[in-house]
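Can you join these two chains into the complex? Each is in its own frame, and there are hints to help.
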Amino acid sequence: MSVVWILAGFFLLLALWGICIYNRLVMLKNDVRNAWSQVDVQLKRRYDLIPNLVAAVKGFMEHEKTLLQNVVDARARAMAADRIRDRSSAEDSLTNCLNGFFAVMEGYPVLKSNENVMHLQEELVSTENRIAFSRQLYNDLVANYRTRLEVFPDMIISSLFSFRPAEYFSAGRDDLQLPKAALSSSAQ
Amino acid sequence: MPITFIDIERQKSWRIGLLLFFLVALYFLFAFIIAQAVVLFLLGTRSFFVIGSANYAVIIAVSVLTLALVHFGISGYTAVQRVIEQVRAETPDPEDGIHRQLVNIIAEIHIASGNTRKIRCMVIPTLSMNALAVTDLKGEAVIAITEGLLSRLSRDQLEAVVAHEAYHILSGDCLETSLAASLFGIYASAVDGLKGASTEDVRAVPFLLLFWMLSTLASMVNMFISREREYRADAGAVRMTRNPLALAEALHRISARWSGAGFISDGLEMLCISSPTVDSHDEAEGWLDDLLSTHPPVRKRIAVLLGMAHLSPSALDKQDRSRTPVQMPPLPAGSFEGGSVQEPLMFCPSCRGPLVREPAESTTVFRCHACRGLLVDNDKIPRILARKQVECTDRLLALVRAVTADNQRSLAIRQKRLKERKNAETIPCPKCGRVMFRTFYSYAYLIEIDRCNACCLTWFDADELEMLQYIIENKITGAIENLQEFHG
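Taken in sequence, the protein lines are chains B and C. Under my numbering, the first residue of the first sequence is numbered 115, with each subsequent residue one higher. Under my numbering, the first residue of the second sequence is numbered 734, with each subsequent residue one higher.
This is chain C alone, in the form it adopts within the complex (with noise of 0.2 Å):
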């Protein structure tokens, strides 16, 4: 291993380049093997010898070449921006407590790796816990950390996962993967698209096999080295963070939870910090899982690290330090300290009160101090609802059970009588005056509230908000069978 990541830049470059020919070149070879093919099914049943022999094979080889060409510039130049429009990643937002922390922690891995290269930050705004990193060939780097990771994190365990996937970036795992991830993308999408066709065209099965083998023999490329680089990732973030209790840590708890599966879809799986999916081959050992899964199992990646902090594995469980919640004194009723002049005085669109802006969770929400309503920016509420903790009282839970119940029985009525929905509820927004559109929070987690599509705020009436976050973390989800065929 090189002394300093230093050394790492200048050293990876030949061993990425072979890594990242033998994928083109596959690819190449794919995309010519499928003109073939394809030329060969338009001219129906005529020998493969009369297209290879007269210059069509030139022709065919010349302009799939231009082709796969320009597939992989336009793939390698845009691999970032496609990730992140996948998962929706935003930039952080600089008036958030803990997003600024992480854009700190980004800055400091940045020198600790000796300024070599530029990382931007992002940050998916999911409740899920994984974290993933991404560069192409223009040279832009971006770590993306999910809400739901940077809420359950304390600071030095989201150093240590920033590391490591500051790691993938500088020994250049990650363009490689990145890549692949975005050449390959478009098999993995034509097999999506040919499993629907071949159920009616018996025709587009062998273009099915085919697109399927491709797919799976480019991902099985990656993932046969792709486990021992995560084993070198986890050992380059512990050279930075010289911590690796946070990182064994920081991993206990992502594979504690939801990391991701069906938000992050497949082929983005070997860029994240821990497999979004589930597999029976993630946490098993041996040569065949070795080639059929991406990621070690995070039992024996946390043993390694413990064993650098020389510590047991049951010490992990004893202690917990995580992000504890920050614990805001109770502002009086009525005070008006937290709100600032400039912006224009809002009322509460059910009681006429005015609304307060006040800190919360590091972030910023209105409240009304009247009726303890709140509104909130539809964009912070997965922040909200992932940092609050809810305590469980006996108050709300009997709120909740009542409350989800109540919208049970309701949904299903609405459901049959469509038509018969009262539109007296409907309250104004706050901001714009319009009618706020009334709906549940999802059809999975039942509790009713008032959207203003323009302003892109909600209102949430008093203990609403609290309701949402306990439902979630406790997993309290009514029937949702029969839903589908209701969008209200």
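If we strip away everything but chain B, and leave its shape as in the complex, we get (with noise of 0.2 Å):
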């Protein structure tokens, strides 16, 4: 009878066990998704911001047209996407393309006095990061979950349940080379 009992009670213990490692797991897989949303709100943000600055600069910088139009299309092709991977590579590419548009800014004093000009890129310089830092929260939230699902207790219960893996939101292959130096031609 105790034998009864004594199985009982281990196999309630380790019920318990499993449910708070799975409630762990579903603990994090929100953060991640939650992470991710805010990485979209960003991604938005800058969409939203970038027509506004190209309207905005576009009467003084009559020389860099294709400039301008990199960006936009940068843009269009970032919207474009659905991946997860796809759309991290698409966007690099469009961060390249406004640091150079930035840099090219540098030499326009008179964008410099604009008052709207500004602001407009002190926005855009400020999306830059949130853009930057809620993808840097979001990798850490995925690292963090993904360690979990692979250690060697919750593995049993991941599996069990089959968690899915979260996907990192990472630098594509084409962004480990260095960038170009394609602004000498068009500062001129």
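Simulated from the structure, these hints should not be mistaken for laboratory data. Using N, Cα and C, we set each Cβ at its ideal position, and we do this for glycine too. Treat the hints with caution; some may be incorrect.
Each computed BS3-like pair below joins lysine-lysine, with the alpha-carbon atoms no more than 27 Å apart [stated by the list, open to error]: (1) Lys226/B - Lys172/B; (2) Lys158/B - Lys179/B; (3) Lys1121/C - Lys1164/C; (4) Lys158/B - Lys172/B; (5) Lys1121/C - Lys226/B; (6) Lys158/B - Lys226/B; (7) Lys143/B - Lys158/B; (8) Lys851/C - Lys143/B; (9) Lys158/B - Lys851/C.
From chain C, some residues computed to sit far from chain B (all C-beta separations above 10 Å) [what the hints assert, rightly or not]: (10) Val803; (11) Glu873; (12) Val924; (13) Val938; (14) Arg960; (15) Met973; (16) His985; (17) Arg1134; (18) Cys1165; (19) Val1168; (20) Thr1172.
Structural data, given as structure tokens:
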């Protein structure tokens, strides 16, 4: 009789332990999802800001038509991307385009005295940082979650309930090269 | 160390709870001892046991506990408000470019930390360089940055500083320090009050000693752990911004300047990024210095940070990446483009020319293009002074020498003959038309300005703002002895 009780107690403890692990995994998964929505919000914010900035500087930067067009194209490509992996590489090329654009803007002192342009630029710089930070947080949380899925006792529960590992929002392969010095010709 | 800041939020509670409990218990104990002492004092020389034996003890204990509890509640819920009032912090001005940047930076750090806590930002209108963070039991959190720091740091350096303060808030250090500062502040002020009284009345001396012991012991408990907390906050800031170099540069720049001694009072120093008071213990190491100083040596903090960036300390001196002053193209004289139509047109008080609104150092001032005079809002003056970079021309130097020497002399004369003040010099306020009040910017900086106290506006004649800036930058102060008696 007592053996049955002991066994029952053992299984009860086992179940409780399983529930704890399960709950923790769910919590981590929701953290990841939450962080992703933050990345998404910031990316949308950037899509909204870019047309404003382009419109504001168009008049001053007659000679940079191709540069402006590149930014606009990169934005369109990023907006069209679906999967996280495609999207991260498209967003990276947009970031590169914008950085080049800011570098060229430095050469136009008249833009620096324009209140509206300076305001937009500050907003965009801030948005770039927000994207970088939200992405950093997302990747940290994904790493945290993936480790939990793979370490030993949690692994049993995660495979039992088929938790899926989340995908990193990482730099694409083409970003590993050095940025091309395409600005030297356009700065004249 | 936990993996993310979300984990920090989840795990911090018990550690903070323990510390808070200890401090609060200490506080209640002190309150009880003081009450006993007071009763003993009032009843004269009767023995302690008379009071301790009867219902006295119970009555005292209950009343003291209630009082202490009320004090605890009030200080716990008003800590943020109190500190803000004490340092005169203001909400950022949405029309000011650099203040907008600060708001953005706080939002960015908020994201980096995972949106766990709403943090407000404020600006302290002083030229000193420091930053502080406060939280209270209500869950309100504020990061306040001085105007001097805002204008002298680049964007990423400022971000590193804000991240350091945000880490203090997230890890809960700040709640504990804020509460302690708020609770034991009353003892510190009691010490100040009793210092004066003890010279007249000998009976105040034992109280002075007691209060002094209490406040010192409480701050020592805090100080003992505060050095280690600074290192951890530095590490936390680096994990948020991934930029150790920026924080090292920021610390380097802060340590080289006035960090606000006198303006930021004792008891708040633990909330700051760098200790505002200068003390021989601050830069020393050893267990005694650990006990007596709130912040670790800046030298060592910078060394740790540079280690993270794989750089040698000499790298810091070579690259100066501070905020470069924004070059404004000179406006053509008499141009009206900057002026907005909605505002009533104002005229120069000295030459009757129109005043034109124009941008200056990311904020706006009104300038007369005929005589180059400037009309500035009083609250914008510290900002402009902190941000403006004046080039040292011979003309300006000669002007500064002449004007300060002249003012020094006229001040000395006026001191002797107070009544003989010229009234003919006064000018009307461009906004309300009332007579402006002529005064010196301060008795340390002898530049004459005109103030309208009703509109909070200040009129600078041509070059006066530049001279003032030059004097402050180069610390040219006149002889300021014997000036206290004079209040014109």
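Is lysine 1121/C within 27 Å of lysine 1164/C, Cα to Cα?
Holds - the C-alpha atoms of lysine 1164/C and lysine 1121/C are around 25 Å apart, at most 27 Å.
Confirm or reject: methionine 973/C is not an interface residue toward chain B, with every Cβ-Cβ distance exceeding 10 Å.
Per Cβ check, methionine 973/C is inside 10 Å of chain B; nearest 7 Å; violated.
Assertion that valine 938/C lies farther than 10 Å from chain B (Cβ)
Holds, since 56 Å exceeds 10 Å.
Taking the minimum C-beta separation from arginine 1134/C to chain B, is that value above 10 Å?
Check passes; 33 Å lies beyond 10 Å.
Checking a non-interface call: every C-beta of chain B should be farther than 10 Å from the C-beta of valine 924/C. Is that right?
Correct as stated: the minimum Cβ-Cβ distance to chain B is 44 Å, above 10 Å.
Non-interface claim for cysteine 1165/C, where every Cβ of chain B lies beyond 10 Å:
The assertion about cysteine 1165/C holds, with a minimum of 28 Å to chain B.
Proposed proximity, lysine 851/C with lysine 158/B (alpha carbon, max 27 Å):
Holds, at about 22 Å.
Taking 10 Å as the cut and beta carbons as the points, is glutamate 873/C off the interface with chain B?
The assertion about glutamate 873/C holds, with a minimum of 23 Å to chain B.
Check the non-interface label on histidine 985/C: least C-beta distance to chain B beyond 10 Å or not.
The assertion about histidine 985/C holds, with a minimum of 22 Å to chain B.
Taking 27 Å as the top limit, are the C-alpha atoms of lysine 226/B and lysine 172/B close enough?
holds (14 Å)
Status of valine 1168/C, Cβ more than 10 Å from any chain B Cβ
Given that every Cβ of chain B is farther than 10 Å from that of valine 1168/C, nearest at about 35 Å, it holds.
Is the Cα-Cα distance between lysine 158/B and lysine 172/B 27 Å or less?
holds (22 Å)
In this structure, only the earlier hint numbered 15 is contradicted, and the remaining ones agree with it.
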